[in-house]
Amino acid sequence: MGLIIGAVLMAYTAVAAFAGFLGNIEAGALDIAILIVGVVLAIRRLKADRGNSLAYLAGFGTGIITALVASVMLGGFFWLLGGISKKVVEEIEARDLFGADLGILIGGLGIILLGTMTGVVTSLIAMQYFKGGEADNGGDRDL
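Residue numbers (this note's numbering): 1346 to 1488.
Fair warning: there could be bad hints in the mix.
[Said to hold, decoys possible] Restraint ranges, calculated between C-beta atoms of paired labels, are given here: (1) Lys-1431 / Val-1466: 30 to 38 Å; (2) Leu-1402 / Ala-1359: 20 to 28 Å; (3) Val-1465 / Gly-1421: 18 to 26 Å; (4) Val-1382 / Leu-1454: 32 to 40 Å; (5) Leu-1348 / Ile-1370: 23 to 31 Å.
[To be verified] When the alpha-carbon atoms are kept at most 20 Å apart in a straight line, the in silico SDA-like pairs for lysine to any residue are as follows: (6) Lys-1431 / Tyr-1357; (7) Lys-1431 / Ile-1470; (8) Lys-1431 / Asn-1369; (9) Lys-1431 / Gly-1452; (10) Lys-1431 / Phe-1366; (11) Lys-1432 / Lys-1476; (12) Lys-1476 / Ile-1409; (13) Lys-1476 / Leu-1391.
Since the hints were derived computationally from the structure, they do not count as laboratory data. Just so you know, even glycine gets a beta-carbon here, dropped at the ideal spot from N, CA and C.
Could you build the full structure based on these sequences and the hints that come with them?
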């Protein structure tokens, strides 16, 4: 699933870059929304494949790995895009507190970090939902 989500993110980013709206904040927000939907779908697919029974850490790990793979693919695509067209990267280039331009390498690493951490939080939230369908006989309660 991470490969599919990564391909979708790369396609969307390419369209946004060459259409000229990659510098808008909404373009980045849609990247994050695509990633969130992909992580939730990966966990849902794993639960369906396992007969509606899913261990918490298995689902949590699936979401994290899905986001990591997709984010690494998008970060690598950003580096490739920066090598092909400097104009596209200049639209979204950030500046640090001291005024120095942050390079393509740091931008790609930021994409990987942001995507992976988004996957961690999304997986944590999604697993609260997906673990709810299982029967609880109260055996783990301390009274």
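- Just pull the numbers of the violated hints for me, sorted ascending. 2, 4, 7 and 11
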